[in-house]
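S.K.: Numbering of the sequence shown is given in our numbering, commencing with residue 1 and proceeding in unit increments.
One should not assume that every hint holds.
Straight-line Cα separation of at most 30 Å, DSS-like style, residue types lysine-lysine; simulated pairs [what the hints assert, rightly or not]:
(1) Lys-350 with Lys-230
(2) Lys-535 with Lys-497
(3) Lys-333 with Lys-272
I should point out that these hints are in silico values taken from the structure, not numbers from a laboratory.
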Amino acid sequence: MAESRIPEQPLPAGIEESSGTAEELKPPEIERSLDRAKENLIAYIQERHPDCDEALLRKAIDFTILAHKDQFRHSGMPYAEHPFEVAKLLCDMNMDTVTIVAGLLHDVAEDTRFGPDIRQEFGDDVAFLVDAVTKISALQSHSRAEQQAENFRKMLISMAKDIRVIMIKFADRLHNMRTLSYHRREDRRRDIAAETMEVYAPLAHRFGLGQIKWELEDLAFKYLNPDAYKSLVRKVVEKRQEREEYVREILGPTKEALAKNGVEARVFGRPKHLFSIWQKMQQRRCQFEDIYDLHALRIIVKTTADCYAVLGTMHSLWPPLQTRFKDYIATPKSNGYQSLHTTVIGPAGKAVELQIRTEDMDNVAEHGIAAHWGYKEGSSSREIGRENRWLKQLLEWQQDLTDSSEFMDYLRQDLETGEIFVYTPKGDVIPLPRGATALDFAFALHSGLGLRCVGAKVDGNVASLHRVLQTGERVEILKSDSQHPSQDWLSIVVTPKAKNAIRRWLRTEEAAHSIQLGQEMLEREFRLARVPAEKQTDLKPFTEKFGVLNWEELWEKIGHGEIALGAAAAIVQELSPREKKTSVFDRIGFRRATKTGDSVLVSGMGNMLIHFATCCHPVPGDRIMGYVTRGRGVSVHRANCPEALRLMKDQERIVPVQWRTEPDRMFDAHLEITARDRSGLLRDLTDVFSKAGINVERASIVTVRDQVRNRFRVQVRDLDQLENAMEQMRKLSGVSGVTRRQSGGYLESTPV
1 MAESRIPEQP LPAGIEESSG TAEELKPPEI ERSLDRAKEN LIAYIQERHP DCDEALLRKA
61 IDFTILAHKD QFRHSGMPYA EHPFEVAKLL CDMNMDTVTI VAGLLHDVAE DTRFGPDIRQ
121 EFGDDVAFLV DAVTKISALQ SHSRAEQQAE NFRKMLISMA KDIRVIMIKF ADRLHNMRTL
181 SYHRREDRRR DIAAETMEVY APLAHRFGLG QIKWELEDLA FKYLNPDAYK SLVRKVVEKR
241 QEREEYVREI LGPTKEALAK NGVEARVFGR PKHLFSIWQK MQQRRCQFED IYDLHALRII
301 VKTTADCYAV LGTMHSLWPP LQTRFKDYIA TPKSNGYQSL HTTVIGPAGK AVELQIRTED
361 MDNVAEHGIA AHWGYKEGSS SREIGRENRW LKQLLEWQQD LTDSSEFMDY LRQDLETGEI
421 FVYTPKGDVI PLPRGATALD FAFALHSGLG LRCVGAKVDG NVASLHRVLQ TGERVEILKS
481 DSQHPSQDWL SIVVTPKAKN AIRRWLRTEE AAHSIQLGQE MLEREFRLAR VPAEKQTDLK
541 PFTEKFGVLN WEELWEKIGH GEIALGAAAA IVQELSPREK KTSVFDRIGF RRATKTGDSV
601 LVSGMGNMLI HFATCCHPVP GDRIMGYVTR GRGVSVHRAN CPEALRLMKD QERIVPVQWR
661 TEPDRMFDAH LEITARDRSG LLRDLTDVFS KAGINVERAS IVTVRDQVRN RFRVQVRDLD
721 QLENAMEQMR KLSGVSGVTR RQSGGYLEST PV
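Please model the entire structure based on the sequences and the hints provided.
M.R.: Quick look at the structure:
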């Protein structure tokens, strides 16, 4: 197995690094410096990959030097130094010659005039990679936030097509972070560090690039919290000798125990990284001296069976902490990471973290998605990308999320929350983000199942849609063909797949309602204008005016409000054979009302969706008006409702409505009774309701000095029943006012 070759940064170097710029070199010195750097780079790559295409490499290096001639970094060094270092990092990642060449040329298209020559000089594959990397940072949007979101979206889509794109970006970002101290502006250093910490480091983790992740985190930490970084570096350096001595004390007994049990293994100490130590200090709210698990060993064996054998040996040798065991071999992380993690109590009662894995698992842990690249010209990056479960999920998101900011919100949430693993009844493992619910699980299995989900059984116990799942739980989804999503489902789920499926269903339902509503509204206009039947099938005048292609599109746009009813009605009037055109006021008068809904008739319209406005709670007998909403049918208001008066300004959406006698239907009404506080008042009020046959749904009382305000929500058949009860209440002793309220307003009161 090839060992990791990405150079590690010594801890002290982080705070000793110069923040100034190097003295600029004179032209002859620059040329000699670049010649040496060129030969060193070729030797570096050939040593690690003897079968590389040297001729192509030399051509790309010369092209890079020419393209970036007279360009310098903030450090004062020739700009070509940066692509050279990117190429080295890509070599360390085991990338092929084409990817290394694209890394050398990644800034040529954006920063020089030689971009158009890349395809001709280096072929389509190199040109595609350079173009993909260049476009990520070249996009323009209306704001910096939008631009950043669209840039990252572009990067992720590009890397999904070819994983080498993200490898080049990681190498580019890592070298920029290593030299960030040379950037003159502190605010830009912080911005770049924040972007690295928020996006690039978590992405590296998602792709299993352990070494790149920890170095990006440590470097970003240095600029985001410089005082804490310097303090931590000093403390780590001061304790280094003590830690190394302790690790040696553990290594002896560990190796002896493994040899005694016939297990071949490599055992070595694993240093904790600065940012991970800082995270533990913040999570546990403690000082560096209180972190007890800074000591770590890694044990590398040959087979998976050896991993579990070693686990047993270690637990026999050192007492384990039962709460600190994780089996990532049985349930790998989404980035492919596999290992056994356990914490034991070593000598002197100090906690020691052990990681036990095979050589192949260790390779994946360090190199992630590139672990099985196996330097070979012509390797299929697309096939490697398809094996990454998280990358598949990312592709699903980008198909459904057209808004880049929303895409980034989901990405950040996913990168921050981590994963859980739950099981189907058949034992299949389903990965979900932490915080996912039973409803998320249903949509993860199949969108159709999610749309019909009514609940779940979690480890055999019935649970609601809201139930937040935990790792290791076995979940069975309960469904019903009569179940349908509602708007509040969007607050239950956390996964993009679930949210998108729910939104699609709601949009489809709204479109269906809008089509029905728009058809009813247009047909009503045809009838009022007495347009002949043969002319009612002529779409042409509507197409010429609104650009619609069919009747369904026209109806939907009218029902949703995209096409004003008045504008459509004007065309209808032109088709009318009558000389006198109907006015808005003619159209809102009652004509042959047809039966709709349960309790209300809507003039001239068929089976319309109706709902009663909650702002005024109309009851039979109230003067009412109807307002055609956008996609939710007709809303019925009391005629004196303030909201109704506001809606009357939009006359073309007003429809005439009237009550239909329906003795069994009950309606909500809200009353407020003000009175002098006295004994027996509440009893007298409820007696009135009882004698009138009115059911009280809710009541509340607020008392101020000797005055009391009683609020009731009641159910009545009609206005006569309500007003008779109100008249009886006005006759009660001490009652000063009985009024009907627009709505409840109970929260400020004390419920009875």
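S.K.: A separate judgement is required for each hint: does it hold in the structure or not?
M.R.: Going down the list of hints, with the structure as the test:
no. : hint                 : in the structure
1   : Lys-350 with Lys-230 : holds, 26 Å
2   : Lys-535 with Lys-497 : violated, 46 Å
3   : Lys-333 with Lys-272 : holds, 21 Å
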